[in-house]
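Protein sequence lines, in the order shown, are assigned to chains A and B. Per full-length UniProt numbering: the first sequence = residues 1 to 481. Per full-length UniProt numbering: the second sequence = residues 1 to 481.
Source of the hints: derived by calculation from the structure; they are not laboratory data. There could be a bad hint or two in this list.
Repeated chains share a single entry, so a pair holds when one copy, or any two copies, can fit it.
As the list claims (entries may be wrong) - In silico lysine-lysine, DSS-like type, Cα no more than 30 Å apart, as pairs: (1) Lys428 - Lys275; (2) Lys120 - Lys275; (3) Lys38 - Lys10; (4) Lys377 - Lys142; (5) Lys472 - Lys399; (6) Lys314 - Lys214; (7) Lys472 - Lys275.
Protein chains: 2
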Amino acid sequence: MISINWKPNKNSSIPLYKQIVDYIKEKIATGEWSISSKLPAQRELAERFEVNRSTVVEALDELKAEGLIEGKSGGGTIIVNNTWSLLASTPPPNWQSYISSGIHKPNLSIIQAINKFEYKENMIRLGTGELSPELFPKEMMKVVLDSVGDKIESLGYEEPKGSLYLRQIISQYLKKYEINASPDSILIVSGSLQALQLISLGILHPGSAVLSEKPSYIKSLHVFQSAGMRVKGIPMDDQGIRISEIMNNLNKATTLLYTIPTFHNPTGIVMPQHKRNELLEVCEKARLPIIEDDAYRDLWLDTEPPLPLKAKDKNGSVLYMGTISKSLAAGIRIGWLIGPEPVIERLGDIKMQTDYGSSSLSQWALAEWISSGLYEKYLEELREKLRVRRQVALNALEKYFSDIATWNKPSGGFYIWLKLKKQISMEKLFYLCCDNGILINPGNVYDFSENLNLRISYSYSSLYDLENGLKKLSQIIRLLN
Amino acid sequence: MISINWKPNKNSSIPLYKQIVDYIKEKIATGEWSISSKLPAQRELAERFEVNRSTVVEALDELKAEGLIEGKSGGGTIIVNNTWSLLASTPPPNWQSYISSGIHKPNLSIIQAINKFEYKENMIRLGTGELSPELFPKEMMKVVLDSVGDKIESLGYEEPKGSLYLRQIISQYLKKYEINASPDSILIVSGSLQALQLISLGILHPGSAVLSEKPSYIKSLHVFQSAGMRVKGIPMDDQGIRISEIMNNLNKATTLLYTIPTFHNPTGIVMPQHKRNELLEVCEKARLPIIEDDAYRDLWLDTEPPLPLKAKDKNGSVLYMGTISKSLAAGIRIGWLIGPEPVIERLGDIKMQTDYGSSSLSQWALAEWISSGLYEKYLEELREKLRVRRQVALNALEKYFSDIATWNKPSGGFYIWLKLKKQISMEKLFYLCCDNGILINPGNVYDFSENLNLRISYSYSSLYDLENGLKKLSQIIRLLN
Chain A
1 MISINWKPNK NSSIPLYKQI VDYIKEKIAT GEWSISSKLP AQRELAERFE
51 VNRSTVVEAL DELKAEGLIE GKSGGGTIIV NNTWSLLAST PPPNWQSYIS
101 SGIHKPNLSI IQAINKFEYK ENMIRLGTGE LSPELFPKEM MKVVLDSVGD
151 KIESLGYEEP KGSLYLRQII SQYLKKYEIN ASPDSILIVS GSLQALQLIS
201 LGILHPGSAV LSEKPSYIKS LHVFQSAGMR VKGIPMDDQG IRISEIMNNL
251 NKATTLLYTI PTFHNPTGIV MPQHKRNELL EVCEKARLPI IEDDAYRDLW
301 LDTEPPLPLK AKDKNGSVLY MGTISKSLAA GIRIGWLIGP EPVIERLGDI
351 KMQTDYGSSS LSQWALAEWI SSGLYEKYLE ELREKLRVRR QVALNALEKY
401 FSDIATWNKP SGGFYIWLKL KKQISMEKLF YLCCDNGILI NPGNVYDFSE
451 NLNLRISYSY SSLYDLENGL KKLSQIIRLL N
Chain B
1 MISINWKPNK NSSIPLYKQI VDYIKEKIAT GEWSISSKLP AQRELAERFE
51 VNRSTVVEAL DELKAEGLIE GKSGGGTIIV NNTWSLLAST PPPNWQSYIS
101 SGIHKPNLSI IQAINKFEYK ENMIRLGTGE LSPELFPKEM MKVVLDSVGD
151 KIESLGYEEP KGSLYLRQII SQYLKKYEIN ASPDSILIVS GSLQALQLIS
201 LGILHPGSAV LSEKPSYIKS LHVFQSAGMR VKGIPMDDQG IRISEIMNNL
251 NKATTLLYTI PTFHNPTGIV MPQHKRNELL EVCEKARLPI IEDDAYRDLW
301 LDTEPPLPLK AKDKNGSVLY MGTISKSLAA GIRIGWLIGP EPVIERLGDI
351 KMQTDYGSSS LSQWALAEWI SSGLYEKYLE ELREKLRVRR QVALNALEKY
401 FSDIATWNKP SGGFYIWLKL KKQISMEKLF YLCCDNGILI NPGNVYDFSE
451 NLNLRISYSY SSLYDLENGL KKLSQIIRLL N
């Protein structure tokens, strides 16, 4: 899509329509807007340029007359030529045909919309699964960067598995959760999503099926689907994924179980210890490897959650994913994957071919965060603040939603899984909310057959916005009811 | 592959063989060494553990007796069981079969060997395409990190195209090279390799062919091949790729030309301006898009090279890749891709699905490096040091190679493309060099049909190692001659 961050100058002596013509011409001439690209609708252009629609029409007419754009019979205007190609005898590359022939699937359109609206100013982001900038430990980060500056002697490429220094620190850190992992069995990744990407490219075959909770964060991604795998949702109860249903859904194509047993995204559910034992046993019997996504573990608010599945994994069935994206700062882009060495070696080799390793700067920073003890100290303060946020969200829900929805009280993580009592169009709700300055994460992003849920996150918005946004959201829902 | 960084304690009262048994058992029991993994050969185990081979045999015999490992008829020993699976009735997941069924190709075996040997101590790395740790601007980096610590207010996820602040700075920086690119047409990537990965996944279709120089750095990668594309090498002359040969090799499957017109990797060749104009014209006529890899531009040593192809690209035919991996620090892992907006949008969307964006910390650091002017200042100092290194390498070549090889004098970048006069086995040479503590990059990594060349880099080794390593290398070559 073409983006426009420019407006004509209303104080200029050059007519507005002419300024617009010149602006569009320049974009076309430099190749930034390529042949076959579609222009935004006239109404949208008028909004972006902050002019009347008639001014837009006048500008487009001139561009048409010059042979640069053309109206399509199916609606819309596309760029058909540029100043260079008007002179030359052959047209430039048809990038649109390149774009549509790529292997990788585009993101879900609603996810694309969410990614986009997140950068619109003054949006109240009620679903964002990320810590609020307010919670960022600026002073501690300064201390960390200061130490890092003293320690870094060079910043070259790292080993395929990532910085040995960081892997040693993580190996030590994981002992806290009774995970015994030598540095050799740890792969540093640029966040959990990359770990999944490497797994999908490195050890799965197209046509295979990955089981996961239904709903699940994984459904909102294309990481397995783009590599040719299916993701099959397994129903949950209030203790997590239903083990009997795993057994019922096993067949020859099944290659993996992806699960978030601790503060599940989006439902917030924690799987109790006895069920973890059972799950491990069942998967071991079925020879079904598990990907355990443990992104939220450090964010417990009431009591520490049960140990990871990996802690009791005696035969290397579990690939364990950890990260500080949720608990400290997503922008550091560092996570870790623990597994049998041959798997880790293979994925490390693919990672080298993909991006030559994760940012060394980020690896140094994380190593310093953990080894200095600042991370633990910060987590304690963070939990205190998240408890307040959780309470504000729960209070607002009680106040504005008790007759129109039900929800859980999470014991950690970021999410409240709100279930509306009455069926409404989630798409309508999403865009109506956007128009009213509220960004929500509808449940159907996590479960394509489901459309009565919303993922509410108390981690991102300010306390004021949380209360105010939930109030507004309840009003909008009532409008649609 | 299984890696071993442990040795038995010779002062312990526990017999050495028993310590080894316990060590291997623990690795198997925790699942780090998974079922079906192959153990290193007895000779290698003896070396790693620093024990006699008979001690290794004793340990393996005990493990065999316990049913944990098995000798294979074809040679080698594999893990067949673990303590858990001896008790349980079903075997654990067969990770080896997972590994061999992945989509992504493993790295070339010689590249894997290079990646590995790079982390072996005391290796003289004569081919490494990376700045020496000696050249790392530690003090400037401290200043940068200090400013970054003051400026960062939070470290969340970035926009799909990367930090707008950094894109604005890069947009400004590129004006120096007469490239007009608005921030919207810039995608921040985690290095150039990721840009290629995104292009291969996002806009090419399997079965298509990418043209490139022969030899080329791109041949050493699997980025296009793993996505199902062929890479077709086009011969070069001393002014770069042969344009007439591009035309001869065009067919319906041809989708792109990948080229390094400035300080080409591995030959060091610079394409002159008149030939750049011709190349652009020919590709525009053929509607053949170009990927211009401009990683080495800032590393000119004699005079500034001709402008990038992108500077004269009037219709958006060129996707331009830049990076500071070569000129400043590979470990920052930041590069940029410039192209028509629809292409950049599409690739940004895929990037979001791949790793949720590059390290914000790295993006902040790079923005500070460039905007503070420190990058320019640093480059001046760096060029001075690289000139010295180049001279030392050329002197050593003159002294030790004049009768056995020919080479070019590069005017920038890192590489001297050494061509041996007499045919020898490059594989033999590679491993013989490794045994003698010298790591080389053989030419056949960059051109599968070629085996008379070596890529010599003057950027990495110390001045002493450069002189000494080249001397040793010439001796080894003479041995094989």
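### Message
Please list, smallest to largest, the hint numbers that this structure does not respect.
### Response
1, 2, 7
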